[in-house]
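Trainee: The lines below spell out each chain.
2 protein chains.
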Amino acid sequence: MVSDKREAIITASRTLFRQYGVKKTSMQDIAREAKIAVGTVYLYFKSKEEVVAAGVGEYREIHKQQTLAATRGSSSPADRLRTYIRQRFRACADTRKAGSHAAEIARAVVRVQPDRFLEESEWFFQTVQSILEQGAQQGEFSLETAEVDTTVFLYSIAWFFPYERSEFFPEPDEETLMASVEWFIRKWTKR
Amino acid sequence: MVSDKREAIITASRTLFRQYGVKKTSMQDIAREAKIAVGTVYLYFKSKEEVVAAGVGEYREIHKQQTLAATRGSSSPADRLRTYIRQRFRACADTRKAGSHAAEIARAVVRVQPDRFLEESEWFFQTVQSILEQGAQQGEFSLETAEVDTTVFLYSIAWFFPYERSEFFPEPDEETLMASVEWFIRKWTKR
Numbered sequence: 004m005v006s007d008k009r010e011a012i013i014t015a016s017r018t019l020f021r022q023y024g025v026k027k028t029s030m031q032d033i034a035r036e037a038k039i040a041v042g043t044v045y046l047y048f049k050s051k052e053e054v055v056a057a058g059v060g061e062y063r064e065i066h067k068q069q070t071l072a073a074t075r076g077s078s079s080p081a082d083r084l085r086t087y088i089r090q091r092f093r094a095c096a097d098t099r100k101a102g103s104h105a106a107e108i109a110r111a112v113v114r115v116q117p118d119r120f121l122e123e124s125e126w127f128f129q130t131v132q133s134i135l136e137q138g139a140q141q142g143e144f145s146l147e148t149a150e151v152d153t154t155v156f157l158y159s160i161a162w163f164f165p166y167e168r169s170e171f172f173p174e175p176d177e178e179t180l181m182a183s184v185e186w187f188i189r190k191w192t193k194r
Numbered sequence: 004m005v006s007d008k009r010e011a012i013i014t015a016s017r018t019l020f021r022q023y024g025v026k027k028t029s030m031q032d033i034a035r036e037a038k039i040a041v042g043t044v045y046l047y048f049k050s051k052e053e054v055v056a057a058g059v060g061e062y063r064e065i066h067k068q069q070t071l072a073a074t075r076g077s078s079s080p081a082d083r084l085r086t087y088i089r090q091r092f093r094a095c096a097d098t099r100k101a102g103s104h105a106a107e108i109a110r111a112v113v114r115v116q117p118d119r120f121l122e123e124s125e126w127f128f129q130t131v132q133s134i135l136e137q138g139a140q141q142g143e144f145s146l147e148t149a150e151v152d153t154t155v156f157l158y159s160i161a162w163f164f165p166y167e168r169s170e171f172f173p174e175p176d177e178e179t180l181m182a183s184v185e186w187f188i189r190k191w192t193k194r
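Protein chains in written order, with my numbering: chain A, 4 to 194; chain B, 4 to 194.
Next comes chain A alone, as it looks inside the complex (with noise of 0.2 Å):
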């Protein structure tokens, strides 16, 4: 099947990225791995350019998925913030796997996509802020402002949420993410 093997490409130079770089990692290289012969690759992707480009257009599809659910399922705006903040800090936690390449991949990323970051942000931003204006309107939230107390929100978790190892301070954990994370879900429902 045709999307079979544009999957099997995009799995292939998700390893190789790993593991070698993106700037050490060849078309021929993510064909081998991959089991496909290169000049059926170009078929797919015209450069190593445009698979960088579809894995992040995968990695940006689940992340949309993820958002309409945070935004419109039925379960509490409190679980499904528990459920959204979950999510996302384990695909982060997931892109980290990079080890040493993370930072050379997310400047592939961002020669390919320059606003892919700003982007992901923004979406980050704008699905916690409707959950919690979704929280007040059912009267379960007591905010501020939906505004100030998703950015103050944010700016309190971002730390779980870096692009890179660090060599100074060990890798976040999620427990305590979620223990701060359930913090200010007690303040903001507290009568």
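Simulated from the structure, these hints should not be mistaken for laboratory data.
Note that the structure is predicted; figures quoted are calculated from it, not measured.
Treat the hints with care, as some may be off.
Copies of the same chain look alike in the list, so a pair counts if it works inside one copy or between any two.
[What the hints assert, rightly or not] Calculated cross-link-like contacts (lysine to any residue; reagent style SDA-like; alpha-carbon spacing at most 25 Å):
no.: 1; residue 1: LYS67; residue 2: THR86
no.: 2; residue 1: LYS51; residue 2: PHE171
no.: 3; residue 1: LYS26; residue 2: ARG168
no.: 4; residue 1: LYS27; residue 2: VAL41
no.: 5; residue 1: LYS27; residue 2: PHE171
no.: 6; residue 1: LYS193; residue 2: GLU150
no.: 7; residue 1: LYS51; residue 2: SER77
no.: 8; residue 1: LYS67; residue 2: GLU167
no.: 9; residue 1: LYS193; residue 2: ALA182
no.: 10; residue 1: LYS51; residue 2: GLU170
no.: 11; residue 1: LYS67; residue 2: PHE171
no.: 12; residue 1: LYS26; residue 2: GLN140
no.: 13; residue 1: LYS26; residue 2: PHE172
no.: 14; residue 1: LYS38; residue 2: GLU177
no.: 15; residue 1: LYS26; residue 2: TYR47
no.: 16; residue 1: LYS193; residue 2: ALA81
no.: 17; residue 1: LYS27; residue 2: GLU170
no.: 18; residue 1: LYS51; residue 2: ALA34
no.: 19; residue 1: LYS51; residue 2: GLU64
no.: 20; residue 1: LYS67; residue 2: PHE172
no.: 21; residue 1: LYS190; residue 2: ILE39
no.: 22; residue 1: LYS190; residue 2: LEU146
Got chain A sorted already, so can you dock chain B onto it with the hints?
Mentor: Then chain B, alone, in the frame of chain A:
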């Protein structure tokens, strides 16, 4: 005066470490920058590592003084928290002036004083917890527990205290940080 020369050596070393990094700065370079004979420099410091340690010691002493003022001052707990966080933000921003050499300098610091960053973050934690406890005792703050609220608060401002400049994020902004601090103070002082 003896302490003037010692001070001149430390100041000169800081300038050079920031401009060229620790590795590429020699005792000869430090002597030249401080306008002191290299033999005299060796009367004060046996090695470059001792100069690094002395520079760290000065920052440590400043933090200690700020910690004492924050926990024993006569102004309100909220005001002492504001002042202390602002001072620590500026100290941290100051170390980032080393730009691309910040990480190398931090590594040199860890070599000469392995527990330096752990000690600093413990001081930070104890100081904030002590201010919050005083606020609760004086009936100014309403907390879950001093420990829980200190933990959440410190993670919430952690993003504003990076050791290195990031190529993907802008420099943290003092006024945005202080807006978050005010939000927390409002939550703590809410009746």
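Trainee: Evaluate each hint against the coordinates.
Mentor: Comparing the hints with the structure gives:
When the C-alpha separation of LYS67 and THR86 is checked against a cutoff of 25 Å, the pair qualifies only within one copy, where the shortest distance is 14 Å, while the shortest distance between copies is 41 Å. With identical chains, the CA atoms of LYS51 and PHE171 are at most 25 Å apart between copies only, with a shortest distance of 22 Å across copies and 33 Å within one. For the identical chains of this complex, LYS26 and ARG168 are neighbours both inside a copy (20 Å) and across copies (24 Å), given an alpha-carbon limit of 25 Å. Taking identical chains as interchangeable, the C-alpha atoms of LYS27 and VAL41 lie at most 25 Å apart only when both belong to the same chain, with a minimum of 17 Å there against 46 Å between chains.
In the homo-oligomer, the alpha carbons of LYS27 and PHE171 lie at most 25 Å apart only across protomers (22 Å), although the nearest pairing inside one protomer, at 27 Å, exceeds that limit. Both within a single protomer and between protomers do LYS193 and GLU150 lie at most 25 Å apart by alpha-carbon distance, with minima of 19 Å and 19 Å respectively. Taking identical chains as interchangeable, the C-alpha atoms of LYS51 and SER77 are never at most 25 Å apart, the minima being 41 Å within one chain and 63 Å between chains. Within a single copy, LYS67 and GLU167 get their C-alpha atoms as close as 23 Å, which meets the 25 Å cut-off; across copies the closest is 31 Å, which misses it.
For a Cα distance limit of 25 Å, the shortest separation of LYS193 from ALA182 qualifies both inside one copy, at 16 Å, and across copies, at 22 Å. Taking CA atoms no more than 25 Å apart as the test, LYS51 paired with GLU170 passes between copies only; the shortest distance there is 23 Å, against 30 Å inside one copy. Taking the shortest Cα distances, LYS67 and PHE171 sit within 25 Å of each other only across copies (22 Å), while inside one copy they are farther apart (33 Å). When the C-alpha separation of LYS26 and GLN140 is checked against a cutoff of 25 Å, the pair qualifies neither within a copy, at 50 Å, nor between copies, at 59 Å.
For the homomeric pair LYS26 and PHE172, the shortest alpha-carbon distance between copies (23 Å) is at most 25 Å, but the shortest distance inside one copy (27 Å) is not. Taking CA atoms no more than 25 Å apart as the test, LYS38 paired with GLU177 passes in neither setting, with 36 Å inside one copy and 52 Å between copies. Only within a single protomer do LYS26 and TYR47 lie at most 25 Å apart by alpha-carbon distance; the minimum there is 20 Å, versus 48 Å between protomers. Taking the shortest Cα distances, LYS193 and ALA81 sit within 25 Å of each other both inside one copy (13 Å) and across copies (22 Å).
For the homomeric pair LYS27 and GLU170, the shortest alpha-carbon distances inside one copy (23 Å) and between copies (21 Å) are both at most 25 Å. Taking the closest pair of Cα atoms, LYS51 and ALA34 come within 25 Å of each other only inside a single copy of the chain (11 Å); across copies the shortest separation is 51 Å, beyond that limit. Proximity of LYS51 to GLU64 under the C-alpha cut-off of 25 Å is restricted to the intra-copy arrangement: shortest distance 20 Å within a copy versus 53 Å between copies. In this assembly of identical chains, the alpha carbons of LYS67 and PHE172 lie at most 25 Å apart only when taken from different copies (22 Å versus 30 Å within one copy).
Taking the shortest Cα distances, LYS190 and ILE39 never come within 25 Å of each other, neither inside one copy (54 Å) nor across copies (59 Å). Within a single copy, LYS190 and LEU146 get their C-alpha atoms as close as 9 Å, and across copies as close as 11 Å, so both meet the 25 Å cut-off.
When held up to the earlier numbered hints, the structure conflicts with 7, 12, 14 and 21 and fits the remainder.
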